[in-house]
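The residues making up each chain are set out below.
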Amino acid sequence: MSLNGWLQITLFIALILLLAKPMGSYMTRVFERRHTWLDPVLVPCERLLYKLTGIDPEEEMRWTQYAIAMLVFSAATLVLTYAIERLQHFLPLNPQHLAAVAPDLAFNTAVSFTTNTNWQSYTPESTMSYLTQMLGLATHNFWSAAVGLALAIAFIRGIARREMKTLGNFWVDLTRGTLWILLPISIVFAVVLTSQGVIQNFHPYTAAKLVQPQTVTGSDGKTTTVTTQTIAQGPVASQEAIKMLGTNGGGFFNANSAHPFENPTPLSNFLQLLSIFLIPAGLTVTLGTMVGSPKHGWAVLAAMTILWFCGVFVCYWAEAQPNPLMHNVDQHASLTQSGGNMEGKEVRFGIANSALFATVTTDASCGAVNSMHDSFTPLGGLVPLTNIMLGEIVFGGVGAGLYGMLVFVVIAVFIAGLMVGRTPEYLGKKIEAYDVQMAMLYLLIFPLIILGFAAVAVLMPNLGLSALTNHGPHGLSEILYAYSSATGNNGSAFAGLSANTHWYNYSLGFAMFFGRFMMIIPMLAIAGNLAGKKIVPETAGTFPVTTPLFTVLLTSVIVIVGALTFFPALSLGPILEHLLLHAGHTF
Amino acid sequence: MPDFIALVTIALLFPLSLLYVSACDRLKISRPKGNLP
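Just so you know, the protein sequences line up as chains A and B, in that order.
All residue numbers for the first sequence refer to the working numbering, where the first residue is 1 and numbers rise by one.
All residue numbers for the second sequence refer to the working numbering, where the first residue is 1001 and numbers rise by one.
Isolated chain A (complex conformation) (with noise of 0.2 angstroms):
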């Protein structure tokens, strides 16, 4: 580890902590439907959208309203989507004539990009035609983001109401988050990214000719001398922005943001790193402000930085050590070698802001990568793995890390309770029976969808373990980590598994389908149900949400409901991987 690496490590977490203010300020303004600098150019649009559309923006929805809106919607724009890939070739903006996406992927497709997950079977450039890419699968990176906006403010008004049987209108939140708040920043994040270098153009690919012909042999043995490569291009930067920004993560190139045309420089780096964290820390400021107790969003935003921090400084350590299998060979850092493990990294980003965007992209439930996790040391790759398996509720998806933290409060609150014996309250509110068992729904569903698909994955041969290009215990971490990153909604990838066959597209599709929503309707059911609480005086035997205990304790119970969920699968994939490396066993 370096002086430098961690100045820029603390520079990211401090911007953020600086940003989280007037970004959640904004966002409680767009969502309390008051004054912003926008309207005069954005309220027109609105108005026309709900005219033309027959939504009464003044109609105020139950939590089960809310969650058939939801539903409805998603499912439109999943078929919408499953459509356009399986017609691309019919339709314009194929120039490198591209075939139909086949079912079974169009399917795993539309379901990762409904759900915000961006999970990728495929190589982009050589299966999307530029019309899928940005009708299909862009437009979905704003829609699932202000999906999970709409369902994070909703929360907040659940906690934030009394005795109010509604939560807002789902179309008006999903319109006013895109109109104010992803659209317009992605706008000027693409402008920015194509300062420096990022493309956006219709071109056809472009081939190049060879300086150096390449002579290649194949797996068939038969020897062949490449003349020309094909450098791929499209419109990039418009597409990049809002996959950050929305916590999407799905890449325009397979390389995704280690690709010198999605991510040319340090600076786009950091950029994407500021905008994945950007909206759920604001969204911190946002719950305190909506609920009347800022310095309770400052406790979930000091508890979310903890965990961060520690993500972050375990994977840096482990990316920085040398490879004991390398003892003979000089890996110390210097001015001349990065030191540590650079396998799968870019040099352009090394160890220090490679670990950062692992942790990071999988903190959130964004799951762009500017390295292959593939290629970590295991326990470098134990951190992205585990961030995952917490829920990602560090910082978390846009809104959905948010909410997934608040289930978590509720949890905290719930023991706190317990271990005082007396009834759980929350901002004034009773926490009871019918709020833990949701909370405790939402908790089960998880790891229930993540170790129910990998233990069936891992029974059968043919179909899960075929795709394994790695076996022992390194082969189980891809299958974990898949299964995580479709159910948790993240999208990146252990990519040593060949994930496009017809098992893993469908069995994946469900993890992501079942991830999304089979976890928010308790959520939102939670939600509907504080609303129509009355608020209780607050007295001498409430437990404080406001104070570094609760952080202490928020912190506590998330480790603790991860750790004894999911350890038992940890220590036969990463943990014991690590053991056996040093024992001198690679796999």
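Please keep in mind that the hints were generated in silico from the structure rather than gathered at the bench.
Source: prediction; values computed, not measured.
There may be inaccurate statements among the hints.
To be verified - No farther apart than 27 angstroms at their CA atoms in a straight line, the calculated lysine-lysine pairs in the DSSO-like style are these: (1) K295/A to K430/A; (2) K51/A to K430/A; (3) K1028/B to K430/A; (4) K1028/B to K165/A; (5) K222/A to K209/A; (6) K165/A to K430/A; (7) K534/A to K430/A; (8) K1028/B to K534/A; (9) K534/A to K295/A.
Chain A is fixed; fit chain B onto it per the hints.
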């Protein structure tokens, strides 16, 4: 045929989700009111 499988899967997933919404809502109605001990 594979299109049929994918579309039927999609067509089944969302009605199942609506049933799940209904089940979560009914769970509350069927529970007797009262605080935790």
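Against the structure, the hints:
no.	hint	verdict
1	K295/A to K430/A	holds (20 angstroms)
2	K51/A to K430/A	violated (40 angstroms)
3	K1028/B to K430/A	holds (15 angstroms)
4	K1028/B to K165/A	holds (14 angstroms)
5	K222/A to K209/A	holds (22 angstroms)
6	K165/A to K430/A	holds (16 angstroms)
7	K534/A to K430/A	holds (8 angstroms)
8	K1028/B to K534/A	holds (17 angstroms)
9	K534/A to K295/A	holds (21 angstroms)
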